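Chains as they are written, first to last, in our numbering: chain A, 1 to 228; chain B, 229 to 638.
Note that these hints are calculated values from the structure, not bench results. Among the hints, a few may not be true.
Pairs of lysine to any residue, SDA-like flavour, derived with a Cα cap of 25 angstroms [unchecked claim]: (1) 625/B to 76/A; (2) 625/B to 181/A; (3) 86/A to 540/B; (4) 625/B to 72/A.
If you want the ones that stay clear, here's a sample from chain A, every Cβ over 12 angstroms from chain B, calculated [claimed, not checked]: (5) 58; (6) 109; (7) 132; (8) 148; (9) 156.
These numbers come from a predicted model, not from an experiment. Glycine residues also receive a C-beta, built at the ideal position from the N, C-alpha and C atoms.
Spelled out from the first residue to the last, the chains are:
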Amino acid sequence: MAILEAHAVSKVYETRGVATRALDRVDLTLEEGEFTVLHGPSGCGKTTLLNLLGALDDPSEGRVTLDGRDLAECSAAERSELRLHKLGFVFQAYNLIPVFTARENVEFVMELQGVPSAERKARTDAILAEVGLAELAEKRPLEMSGGQQQRVAVARAIVGRPELVLADEPTANLDSATAGQLLDLMEELNREHGVTFLFSTHDPLVIGKARRRVRLRDGRVESDGPGA
Amino acid sequence: MGLELRLAWRNVWRNARRTWLTVAATVFAVVLVVFFVAMAAGIHEKMIEDSVRVASGHVTLAGEGYFANRTLEQFVTLDAGLQHTLDAAPGVRGWAPRLVGFGLVSKETDAQGVAVLGVDPAREASVTTLARRVERGVFVSEDAPKGIVLGERLARNLGAELGDELLLYSEAYSLETAYDLFTVVGVMKLPEPSLDRSLALVTLADAQAFFVYGERVSEVALLADDADAADQVAAGLRGALPGAEAVEVQTWAELMPELVQFIILDDAGMYVLLVILVIVVAFGILNTILMSVLERTRELGVLLALGLRPGAVFRLVYLESLLLAGLGLAIGLATSIPLVLWFQAHPVELSNELAGAMELIGAEPVITWKLKPWNPLGSVLTILGVAALAALYPAVKASRGRPVDALRSL
């Protein structure tokens, strides 16, 4: 079943009157349970496509539908609701809330979703144990390593039970051992909990783990096929 | 505690030094505002009370046309009906009938123009402080007829001492020439120099006999609970007075417009300075919140990306501003209110040139403070209003940020 669909999506940026076409009529459909990677050289449009699929930006042409809803027809508040309930995000620079502890960062999305306190606590304890950070629950981001922060970010991305997690270069700031552990974790979450992942990356390690690989070049889909 | 409030509170303390500097500026402003507004209120109240308790009372009742002409032709008959009305009037703490006439007082070859105030000694004490202002001798008394009390400057100009006989000369209500000898029984010191140079007190009975005035009086001075209650008392009296007699009722503010003007001008000068101070605080809060928002563009974008609604981001920034202002207000009020209350209980007596300046405007050389409820309440509303205004631009800017910036800025 398709969770997300992009139909002939294009994105044109204009800077001082100069138009740059970052994406050119891209079609992409993501099915439930996929573990997909978007890869390609720098500037090929990976992050731009991820932003459009994540309801963070608007396409210049074409349309994106999430769970059958056309994002162009949604207000800012409706998009917030869609992101809150349907999507999870993992960013390259972790982007945890620095004034919150690991536990509070993980609980944040659930608080927005209105999950009751007792359930929030139980789910947070469980997810932090699953990502191996139960001992660091009360630490703030600056008291943790990059790998630990990214694990918290993954926990935050999936604890709200989204249909799709969008991860933009999630291993870019991690050493290879830590990146490997994180990928194993996400693969396990995908396999055992059915969480759908879409990565944007250069990292061969991530590309190697993906079961579907979409290669972009010059804003177009160059290839789309099975991975590992 | 709600998520937004918790996040706002933590954000406020993210840069503790900057927060404390903003809080310190707010505290400084609150203390100055509360202190100086209370000082102005105290000084003005003292000026009003000094004037009221020396002369007019909070409210004055007189015959029709008296306030415009101030001659013996305009009078009030203090009959039993009027006395009952005055006794029963709500908010009236005391009332005193007076006869006001003008004449010449002479001692040997020296003569001075005087305002002769005939007072009922017992009733006068319930309205004015004239009896307490006697520095030498005694106040006029029904037991010592033909006694006269002079202002200190008037006595000095006449060269009059206690026990001296003075000739009072005027024109009676009957248009006959009125003259009689009075004995100086007291000398009083009045704060207003012009009054001190011209006021002579005799008993009401002596004045009525001297001016051939019968049972008539020129005016009745009334004391209300405070100056602010004067309008209410005056309105009540106007409604309650018997219609048979044409009388006029005026408040201290109507009788002393120059004092009201002085207070308005004095307040205006002070408020201009305080407004400048509050604007400085507003820019301090604006700077802190705006810097805080600009530094967190990516973070606010991430919050939006995670599903926080734009309205919630707006509220978050607003809360941060109000928390900053609230903290400054809490510390400022906790500092300024005890400080003002202490000064309210311990007025500062002035000396030398400052004392002279105060006396020139008819006030005692004492600085007093008066903490009125609207003072701290006004400070709270002003600072919160300023904080709300200062936060508007940063809050709009933050809530209109696009979540894509969070990813683009990676």
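Inset, instruction - Mind listing which of the numbered hints don't hold for this structure, in increasing order? - result: Of the numbered hints given earlier, those the structure breaks are 2, 5, 6, 9, listed in rising order.
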